[in-house]
Amino acid sequence: MSSTPLLEVTGLQKHFPVHAGLLRRQVAAVKAVDGVSFSVAKGETLGLVGESGCGKTTTGRMIMRLLDPTAGSITFEGREISRLSQGRMRPLRRDIQMIFQDPYSSLNPRKTVGSIVGAPFHLQDIKTEHGVKRAVQELLELVGLNPEHYNRYPHEFSGGQRQRIGIARTLALKPKLIVADEPVSALDVSIQAQVVNLLEDLQNELGLTYVVIAHDLSVVRHISDRVAVMYLGRMVEIADQADLYTRPQHPYTKALLSAVPVPDPAARKERERIRLTGDVPSPLNPPPGCPFHPRCWKAQPKCATEVPVLSERTPGRSVACHFPED
Amino acid sequence: MSTVYEPSAAPAATARAFLEVRDLRIHFPTDDGLVRSVDGLDFTLERGQTLGIVGESGSGKSVTSLGILGLHHRKNSRMSGEIWLDGRELVGADPDDVRRLRGRAMAMIFQDPLSSMHPFYTIGAQIIEAYRIHNAVSKRVARKHAIDMLGRVGIPTPDKRVDDYPHQFSGGMRQRAMIAMALSCDPELLIADEPTTALDVTVQAQILDLLRDLQQEFNSAIIMITHDLGVVAELSDRIMVMYGGRSIEQGTVEELFHSPQHPYTWGLLGSMPRLDRDRTDRLMPVKGSPPSLINLPSGCAFHPRCPHAQGPGSPCTTVRPELVATAAHSGHRVACHLSPEQRLDIWENQIRPNL
Numbered sequence: 000m001s002s003t004p005l006l007e008v009t010g011l012q013k014h015f016p017v018h019a020g021l022l023r024r025q026v027a028a029v030k031a032v033d034g035v036s037f038s039v040a041k042g043e044t045l046g047l048v049g050e051s052g053c054g055k056t057t058t059g060r061m062i063m064r065l066l067d068p069t070a071g072s073i074t075f076e077g078r079e080i081s082r083l084s085q086g087r088m089r090p091l092r093r094d095i096q097m098i099f100q101d102p103y104s105s106l107n108p109r110k111t112v113g114s115i116v117g118a119p120f121h122l123q124d125i126k127t128e129h130g131v132k133r134a135v136q137e138l139l140e141l142v143g144l145n146p147e148h149y150n151r152y153p154h155e156f157s158g159g160q161r162q163r164i165g166i167a168r169t170l171a172l173k174p175k176l177i178v179a180d181e182p183v184s185a186l187d188v189s190i191q192a193q194v195v196n197l198l199e200d201l202q203n204e205l206g207l208t209y210v211v212i213a214h215d216l217s218v219v220r221h222i223s224d225r226v227a228v229m230y231l232g233r234m235v236e237i238a239d240q241a242d243l244y245t246r247p248q249h250p251y252t253k254a255l256l257s258a259v260p261v262p263d264p265a266a267r268k269e270r271e272r273i274r275l276t277g278d279v280p281s282p283l284n285p286p287p288g289c290p291f292h293p294r295c296w297k298a299q300p301k302c303a304t305e306v307p308v309l310s311e312r313t314p315g316r317s318v319a320c321h322f323p324e325d
Numbered sequence: 000m001s002t003v004y005e006p007s008a009a010p011a012a013t014a015r016a017f018l019e020v021r022d023l024r025i026h027f028p029t030d031d032g033l034v035r036s037v038d039g040l041d042f043t044l045e046r047g048q049t050l051g052i053v054g055e056s057g058s059g060k061s062v063t064s065l066g067i068l069g070l071h072h073r074k075n076s077r078m079s080g081e082i083w084l085d086g087r088e089l090v091g092a093d094p095d096d097v098r099r100l101r102g103r104a105m106a107m108i109f110q111d112p113l114s115s116m117h118p119f120y121t122i123g124a125q126i127i128e129a130y131r132i133h134n135a136v137s138k139r140v141a142r143k144h145a146i147d148m149l150g151r152v153g154i155p156t157p158d159k160r161v162d163d164y165p166h167q168f169s170g171g172m173r174q175r176a177m178i179a180m181a182l183s184c185d186p187e188l189l190i191a192d193e194p195t196t197a198l199d200v201t202v203q204a205q206i207l208d209l210l211r212d213l214q215q216e217f218n219s220a221i222i223m224i225t226h227d228l229g230v231v232a233e234l235s236d237r238i239m240v241m242y243g244g245r246s247i248e249q250g251t252v253e254e255l256f257h258s259p260q261h262p263y264t265w266g267l268l269g270s271m272p273r274l275d276r277d278r279t280d281r282l283m284p285v286k287g288s289p290p291s292l293i294n295l296p297s298g299c300a301f302h303p304r305c306p307h308a309q310g311p312g313s314p315c316t317t318v319r320p321e322l323v324a325t326a327a328h329s330g331h332r333v334a335c336h337l338s339p340e341q342r343l344d345i346w347e348n349q350i351r352p353n354l
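So the protein sequences, as listed, match chains A and B.
0 is the number of the first residue of the first sequence in numbering that gives the first Met the number 0; add one for each residue after it.
0 is the number of the first residue of the second sequence in numbering that gives the first Met the number 0; add one for each residue after it.
Fair warning: there could be bad hints in the mix.
Said to hold, decoys possible - The calculated lysine to any residue pairs, modelled on SDA-like cross-linking and capped at a C-alpha distance of 20 Å, are: (1) A:Lys253 <-> B:Leu213; (2) B:Lys74 <-> B:Ile293; (3) B:Lys159 <-> A:Asp278; (4) A:Lys253 <-> B:Asp275; (5) A:Lys268 <-> B:Lys159; (6) A:Lys173 <-> A:Gln123; (7) A:Lys268 <-> B:Gln48; (8) A:Lys253 <-> B:Gly47; (9) A:Lys253 <-> B:Arg278; (10) B:Lys286 <-> A:Lys173; (11) A:Lys175 <-> A:Asp124; (12) A:Lys268 <-> B:Leu274; (13) A:Lys268 <-> B:Arg276; (14) A:Lys110 <-> A:His154; (15) A:Lys253 <-> B:Pro272; (16) A:Lys268 <-> B:Asp208; (17) A:Lys268 <-> B:Arg211; (18) B:Lys286 <-> A:Glu155; (19) B:Lys286 <-> A:Ser157; (20) B:Lys286 <-> A:Leu141; (21) B:Lys286 <-> A:Glu140; (22) B:Lys159 <-> A:Gly277; (23) A:Lys268 <-> B:Gly47; (24) A:Lys268 <-> B:Thr251; (25) B:Lys286 <-> A:Lys175.
Claimed, not checked - Partner residues are not named here, just some residues of chain A that face chain B (Cβ under 8 Å, in silico): (26) Val195; (27) Leu201; (28) Val261; (29) Ala266; (30) Arg267; (31) Arg274; (32) His321.
As the list claims (entries may be wrong) - Cβ-to-Cβ under 10 Å is the rule here; a few derived chain B residues that face chain A: (33) Val53; (34) Val200; (35) Asp275; (36) Pro306.
These aren't lab readings, by the way, just hints derived from the structure by calculation.
Backbone N, C-alpha and C define an ideal beta-carbon position, used for all residues, glycine too.
Please put together the full structure from these sequences, using the hints given.
Shown next, in the form of structure tokens:
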């Protein structure tokens, strides 16, 4: 790993205020993200997993500065960006780009593919050597689409092809960091694999750095170098992909992994399954102490009172638990 | 030697299966042409068994299930073939008769419980309505039954939650309530259309456990429609793989996962990253995208995407393969022009080592 990470996030928080009453006074806050820290080295892929409502998408949107953090810092290439104004942020946007989940709603249906993929050039006032059209066609080819489809509209493409259009738009300005929020979850299995392979090829070819947000643990394992697990706005475990999947140390990670259905009928009887009961608590009113303790089978009295801090147990591996597994 | 499967000849000697679908065709005339969503489908299902139907979007999985329930409008769809449920034929039956069966003999769990429940009525009211349509009982008895059902599917304090509205439930709880509603009349056939796709893995595991327990309790037949091969492996006894409105491979769950025979099934298995294996460098996706149901490719519908298809002029591009038993008296049937020896060779030497 290089000395200065490309992206460093420390103590990031996002609280959404809840207003009530005649005077619309703030009565509470939804703690969507409550103190998240991690770093991503250049050329690396960090996977961000967790159940819905754990704050993974909010984290991604804060890195993109689509949401303003309540507290904490985001450092990109050694530069603090969490407090930059929109105008100062603008030149940086070409370095940080996003891939969206839903290829149906993230493309304007009234624009042609050419103008969708070419839009970043106009917005950032970038002169291309052989004109924008040529640049767009090269991008379309790069993501495996026919460059002759330049004048077609999004509805003429299938879901997988639309996701490729979105990826072409993301790549237009040669970004350094790409935040991909559930890039394949809206696609069919066979198409999912095509897009996952494409993302990996592009990373090798262009030296991209990814933050991949997903709830599908097997896709995340396939694509990531390191994986961070989130629960109720906090990070519970972060480790190398191989370590995390073979020896999970946080009980939640362990439960999450054991819940993934395995496509092998022979294994369904032997497998040790941890059944978590109940649902994720509301981030409006998180439980005191360790946020996972009401569902944890190892919980002790200490867990209900003291918040465990994310601490490095072995190099590159941090766990937030009072009684981690070994 | 392989024998051609003839739906009319095989089951004649034995009694009819609990659910038997024969040569089912569901077509929709549209302005762009005739959409052949389901085009000649045969399968059977016994009580207490689970059939998993897998396939990509547009392969006809959901259209089949809605067809069994008789939920296609007769004005804008054309349905032919036979559906036998417990000795009754449903395709030619009077819609009112099918309606009386719906809910009582067969019920459905929909994919998205938020949009398939009425936001304006309480959960209890919706279960009570379903129960009272088929049973002449007082409101009080029906309410007690609804509370009982909610308790059975694992909703805490069901006597209070019965008066809640759908938006007050979380995603997993809503799906449980949906299951309670489907099971309220003790149906013999339960169709679950992507019941866990909208849910998180931990909740998905809870729902799958619940379905398994309830099946043992009620001895109902379950059709499980999903695109997640992990989910079918967990729950199914038999699996049917659909492509372009037809079944291209059928067999027990062991046959399908340990010795699949159709190139498309291989493609599906190669597409998914798996947690139970070492990490592979690259996934092996099926190239191309699913075909249009208006204009299916000639011959085998899968041939444009099939890496093992022979070139133009071969049977792959001209003759539609029939669903054929892989061995005499075997329930494992596959629709492919490759010879059984070729298929075995490709599976053993090219596909299996790379999975």
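Taking the hints in turn, this is what the structure says about them:
| no. | hint | result |
| --- | --- | --- |
| 1 | A:Lys253 <-> B:Leu213 | violated, 27 Å |
| 2 | B:Lys74 <-> B:Ile293 | holds, 19 Å |
| 3 | B:Lys159 <-> A:Asp278 | holds, 18 Å |
| 4 | A:Lys253 <-> B:Asp275 | holds, 14 Å |
| 5 | A:Lys268 <-> B:Lys159 | violated, 36 Å |
| 6 | A:Lys173 <-> A:Gln123 | holds, 12 Å |
| 7 | A:Lys268 <-> B:Gln48 | holds, 17 Å |
| 8 | A:Lys253 <-> B:Gly47 | violated, 32 Å |
| 9 | A:Lys253 <-> B:Arg278 | holds, 18 Å |
| 10 | B:Lys286 <-> A:Lys173 | violated, 27 Å |
| 11 | A:Lys175 <-> A:Asp124 | holds, 18 Å |
| 12 | A:Lys268 <-> B:Leu274 | holds, 16 Å |
| 13 | A:Lys268 <-> B:Arg276 | holds, 17 Å |
| 14 | A:Lys110 <-> A:His154 | holds, 10 Å |
| 15 | A:Lys253 <-> B:Pro272 | holds, 19 Å |
| 16 | A:Lys268 <-> B:Asp208 | holds, 13 Å |
| 17 | A:Lys268 <-> B:Arg211 | holds, 13 Å |
| 18 | B:Lys286 <-> A:Glu155 | holds, 19 Å |
| 19 | B:Lys286 <-> A:Ser157 | holds, 14 Å |
| 20 | B:Lys286 <-> A:Leu141 | holds, 16 Å |
| 21 | B:Lys286 <-> A:Glu140 | holds, 16 Å |
| 22 | B:Lys159 <-> A:Gly277 | holds, 17 Å |
| 23 | A:Lys268 <-> B:Gly47 | holds, 18 Å |
| 24 | A:Lys268 <-> B:Thr251 | holds, 16 Å |
| 25 | B:Lys286 <-> A:Lys175 | violated, 29 Å |
| 26 | Val195 | holds, 6 Å |
| 27 | Leu201 | violated, 14 Å |
| 28 | Val261 | holds, 5 Å |
| 29 | Ala266 | holds, 6 Å |
| 30 | Arg267 | holds, 6 Å |
| 31 | Arg274 | holds, 7 Å |
| 32 | His321 | violated, 21 Å |
| 33 | Val53 | holds, 9 Å |
| 34 | Val200 | holds, 4 Å |
| 35 | Asp275 | holds, 5 Å |
| 36 | Pro306 | violated, 12 Å |
Going through the hint list in order, the structure does not satisfy hints 1, 5, 8, 10, 25, 27, 32, 36.
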